[in-house]
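Asks: Line by line, the protein sequences give chains A and B.
Our numbering numbers the first residue of the first sequence as 1 and each following residue consecutively.
Our numbering numbers the first residue of the second sequence as 113 and each following residue consecutively.
Source of the hints: derived by calculation from the structure; they are not laboratory data.
For clarity, every value in this text was computed on a predicted model and none was experimentally measured.
Just so you know, not all the hints are guaranteed correct.
Claimed, not checked - 25 Å max Cα-Cα, derived DMTMM-like pairs, lysine to aspartate or glutamate:
| hint | chain 1 | residue 1 | chain 2 | residue 2 |
| --- | --- | --- | --- | --- |
| 1 | B | K190 | B | D142 |
| 2 | A | K42 | B | D175 |
| 3 | B | K136 | A | E39 |
| 4 | A | K68 | B | D175 |
| 5 | B | K136 | B | D168 |
| 6 | B | K136 | B | E123 |
| 7 | B | K190 | B | E123 |
| 8 | A | K71 | A | E15 |
| 9 | B | K136 | B | E156 |
| 10 | A | K71 | B | E126 |
| 11 | B | K136 | B | D169 |
| 12 | A | K111 | B | E123 |
| 13 | B | K180 | B | E126 |
| 14 | B | K180 | A | D99 |
| 15 | B | K180 | B | E195 |
| 16 | B | K136 | A | D99 |
| 17 | B | K190 | A | D17 |
| 18 | A | K111 | A | D31 |
| 19 | B | K190 | B | D175 |
Here are the chains, one letter per residue:
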Amino acid sequence: GESVGLHLPTLSVQEGDNSIINCAYSNSASDYFIWYKQESGKGPQFIIDIRSNMDKRQGQRVTVLLNKTVKHLSLQIAATQPGDSAVYFCAENRRSDNDMRFGAGTRLTVKP
Amino acid sequence: DAGVIQSPRHEVTEMGQEVTLRCKPISGHDYLFWYRQTMMRGLELLIYFNNNVPIDDSGMPEDRFSAKMPNASFSTLKIQPSEPRDSAVYFCASSHARGYTFGSGTRLTVV
Chain A
1 GESVGLHLPT LSVQEGDNSI INCAYSNSAS DYFIWYKQES GKGPQFIIDI
51 RSNMDKRQGQ RVTVLLNKTV KHLSLQIAAT QPGDSAVYFC AENRRSDNDM
101 RFGAGTRLTV KP
Chain B
113 DAGVIQSPRH EVTEMGQEVT LRCKPISGHD YLFWYRQTMM RGLELLIYFN
163 NNVPIDDSGM PEDRFSAKMP NASFSTLKIQ PSEPRDSAVY FCASSHARGY
213 TFGSGTRLTV V
C-alpha cells in the first residue's frame, strides 16, 4: 500500500550545525504535508506545513522543501540547538480525506 | 486555550479489565482523531470523527476497541477486555482545518 517513510531513523549533529531530515512519500494524490516534533513524554507538535502547490516554505529556523517529481520532503533546521533534540515525523494528507498518515520518525540528537 | 486534554496520563491495568481513555478536543474543532503509538508500529490512526460522527474506523484493531463521541467536547476510547499487546501510548488530536493539535497522550500498560 502507499505509505510515508523516512530515509534515516537517527541523526546526530553538533550544536550550531544545520540539520536535514528527509522523508519519502509514495502517494501522488497527497497535497498537504506537515512536519511534527515529538519530545519525550509529549504529543507530536506542529512545526511547519507545506501545500503541494509550493516547493519551499520557511519558518523560524526551519525550512521545508517539497520535491514532487521524486516525492521527497525535507526539513532543514538552522543552527540546531539542544532543545531541537526530539523525534521528527513527516505526515501526508489528501484533500479527499482528512486523516493524516505519519512516517516512522527520525530521532535527532544534538551534541553540545 | 488549554489545548487537547487527555486523561488519565498513565494507566496500569490487569489483563481482562476494561480501560476507558478520555479526550476533550479544542473548542471549535470539528475533527477528532485517536492514534496509538508503539515502537514497532509508530503512530497508527485508529478512528476519526467529524462533527461527532465516526468517519473512518478501519484502523481499530478489533472488536475489543470502541470509540464514542457523544458531544463536541468529549470522546472516549474503550478497550474491553484489555490485553498486554494493547500497551502503548494513545493520543487524541483535534483539528478545524488540516493541521492537527495533539494531546499529551495516555500511556497504557496492561499487565
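Asks: Would you mind confirming whether the straight-line C-alpha gap from A:K71 to A:E15 stays at or under 25 Å?
Replies: 30 Å, violated
Asks: Holds or violated: B:K136 with A:D99, Cα cutoff 25 Å?
Replies: 19 Å, holds
Asks: Under the criterion that the straight-line Cα-Cα distance not exceed 25 Å, is the pair B:K136, B:D169 satisfied?
Replies: 19 Å, holds
Asks: Could you grab the alpha-carbon distance between A:K71 and B:E126 and see if it respects the 25 Å cut-off?
Replies: Given that 25 Å is the threshold and the Cα spacing comes to 45 Å, the pair is violated.
Asks: Hint check: B:K136 vs B:E123, CA-CA at most 25 Å. Holds or violated?
Replies: Distance ~17 Å between B:K136 and B:E123 Cα, so the pair holds.
Asks: Quick one, are B:K180 and A:D99 close enough, alpha carbons at most 25 Å?
Replies: Holds, at roughly 17 Å.
Asks: Next pair to validate is B:K190 with B:D175; report whether the Cα-Cα distance is within 25 Å.
Replies: Since the Cα atoms of B:K190 and B:D175 sit roughly 10 Å apart, the hinted pair holds (cutoff 25 Å).
Asks: Given the hinted pair B:K190 and B:D142, is their Cα-Cα distance within 25 Å?
Replies: 21 Å, holds
Asks: Taking only the CA atoms, is the gap from B:K136 to B:E156 under or equal to 25 Å?
Replies: 20 Å, holds
Asks: Tell me if the straight-line CA distance from B:K190 to B:E123 falls inside 25 Å.
Replies: 13 Å, holds
Asks: Holds or violated: A:K68 and B:D175, Cα atoms, limit 25 Å.
Replies: 39 Å, violated
Asks: Does the structure keep B:K180 and B:E195 at a Cα separation of 25 Å or less?
Replies: OK: B:K180 and B:E195 at ~20 Å, within 25 Å.
Checked against the numbered hints above, the structure violates hints 2, 4, 8, 10, 12, 17 and 18; every other hint is satisfied.
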